[in-house]
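Visitor: Here is what each chain is made of, one letter per residue.
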Amino acid sequence: MSMSAHTLSLPKALVTLLAGALFGFGLSVATMIQPEVVLGFLRFQDWGLMLVMGGAAGLALVAYKGFPRWFVRPLLGGQFLTQPAQWNRQTLVGSAIFGIGWGLSGVCPGPAIAALGTGNTDILWALAGIVLGGLVHGLAARE
Amino acid sequence: MTLIDTLFPLGWQHYLLGGLTIGAGVALLYLFNGWVGGMSTVFSSSWSWVFHRPFFQQERFLNSRHWRLVYAAGVVLGALVWRFAMAGGEPQHTNVPVWQLLVGGFLAGYGARLGNGCTSGHGICGLGSLQLPSLGAVLTFMGTAFLTANLMRLA
Numbered sequence: 001m002s003m004s005a006h007t008l009s010l011p012k013a014l015v016t017l018l019a020g021a022l023f024g025f026g027l028s029v030a031t032m033i034q035p036e037v038v039l040g041f042l043r044f045q046d047w048g049l050m051l052v053m054g055g056a057a058g059l060a061l062v063a064y065k066g067f068p069r070w071f072v073r074p075l076l077g078g079q080f081l082t083q084p085a086q087w088n089r090q091t092l093v094g095s096a097i098f099g100i101g102w103g104l105s106g107v108c109p110g111p112a113i114a115a116l117g118t119g120n121t122d123i124l125w126a127l128a129g130i131v132l133g134g135l136v137h138g139l140a141a142r143e
Numbered sequence: 144m145t146l147i148d149t150l151f152p153l154g155w156q157h158y159l160l161g162g163l164t165i166g167a168g169v170a171l172l173y174l175f176n177g178w179v180g181g182m183s184t185v186f187s188s189s190w191s192w193v194f195h196r197p198f199f200q201q202e203r204f205l206n207s208r209h210w211r212l213v214y215a216a217g218v219v220l221g222a223l224v225w226r227f228a229m230a231g232g233e234p235q236h237t238n239v240p241v242w243q244l245l246v247g248g249f250l251a252g253y254g255a256r257l258g259n260g261c262t263s264g265h266g267i268c269g270l271g272s273l274q275l276p277s278l279g280a281v282l283t284f285m286g287t288a289f290l291t292a293n294l295m296r297l298a
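These protein sequence lines map, in sequence, to chains E and F. Using this note's numbering, the first residue of the first sequence is number 1, and each one after it goes up by one. Using this note's numbering, the first residue of the second sequence is number 144, and each one after it goes up by one.
Errors might be hidden in some of the hints.
Stated by the list, open to error - Derived list of chain F stretches under chain E, where covered just means 3 residues or more per stretch with a C-beta under 8 angstroms from a C-beta of chain E:
(1) 146 to 158
(2) 162 to 175
(3) 235 to 241
(4) 249 to 263
(5) 267 to 274
Read the hints as simulated data drawn from the structure, not as lab findings. Every residue gets a Cβ at the ideal spot worked out from N, C-alpha and C, and that includes glycine.
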């Protein structure tokens with residue numbers, strides 16, 4: 001079931017690339033690619049990040065709640081997948097650690113990837129850290 | 144000074160416009176492909192090509208590893224377009240010290256994967272699908288991030 005839902009046809013690949021491009025362009029327009037701006041939010045100097053997250057989550061809400069009602073299946077086939085989040089110790093501890101890293105660097109995964117496009121070589125240190133963090137997590141996981 | 148100027152000393156329009164553009168990308172991926180576009184899973188799923196440990200070989204990573212990499216390439220492309228279309232093509236810089244970027248990045252990567260989501264997975268997609276666990280995750284990482292960023296300023 002899930003295999004066909006994930007099949008990456010050429011049209012789906014192009015849409016995925018475009019969706020990612022909108023994501024990266026939006027992050028850049030919103031200056032979330034600048035750690036200084038993110039740290040300014042975390043230090044209560046500028047509340048812009050709330051508008052970024054609010055605007056993005058607002059549109060996502062319309063998409064996740066609306067599309068499955070208005071369309072039988074995604075326009076390029078497959079099915080509307082859901083990704084249920086769970087509240088458990090891992091979510092709590094993981095999110096707490098994520099926040100410490102985010103507050104230390106001002107960089108989260110999206111902007112770290114975007115740095116490859118903006119040419120911000122400084123942030124590649126953060127990207128390397130995230131890549132390594134994902135690896136260590138997977139190697140240490142018992143699953 | 145008005146309240147707007149106090150809350151948003153650098154202006155507010157670009158924040159909202161950027162956020163809506165991010166949301167449009169997430170919505171597009173769902174409308175055409177049916178996929179939930181958080182950003183941090185790619186940092187687990189891509190390792191499945193290198194390591195054969197059972198953790199990395201989970202179906203949820205194998206199924207989505209191709210499109211997640213294309214999605215990440217799209218983010219790079221979008222940032223590249225912004226750089227040359229709107230920022231004069233100059234490479235960007237940050238003054239955050241290297242050790243903070245590296246150590247912070249490591250903790251952010253480890254924590255996002257342990258907690259199954261980051262600012263986009265829990266913040267945008269999770270809140271966008273009205274999931275309470277994601278609200279808990281967002282409040283948790285906002286809390287520790289506020290604390291860390293302010294302690295670092297005092298240090």
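Visitor: So which hints don't hold here, by number, going up?
Guide: none
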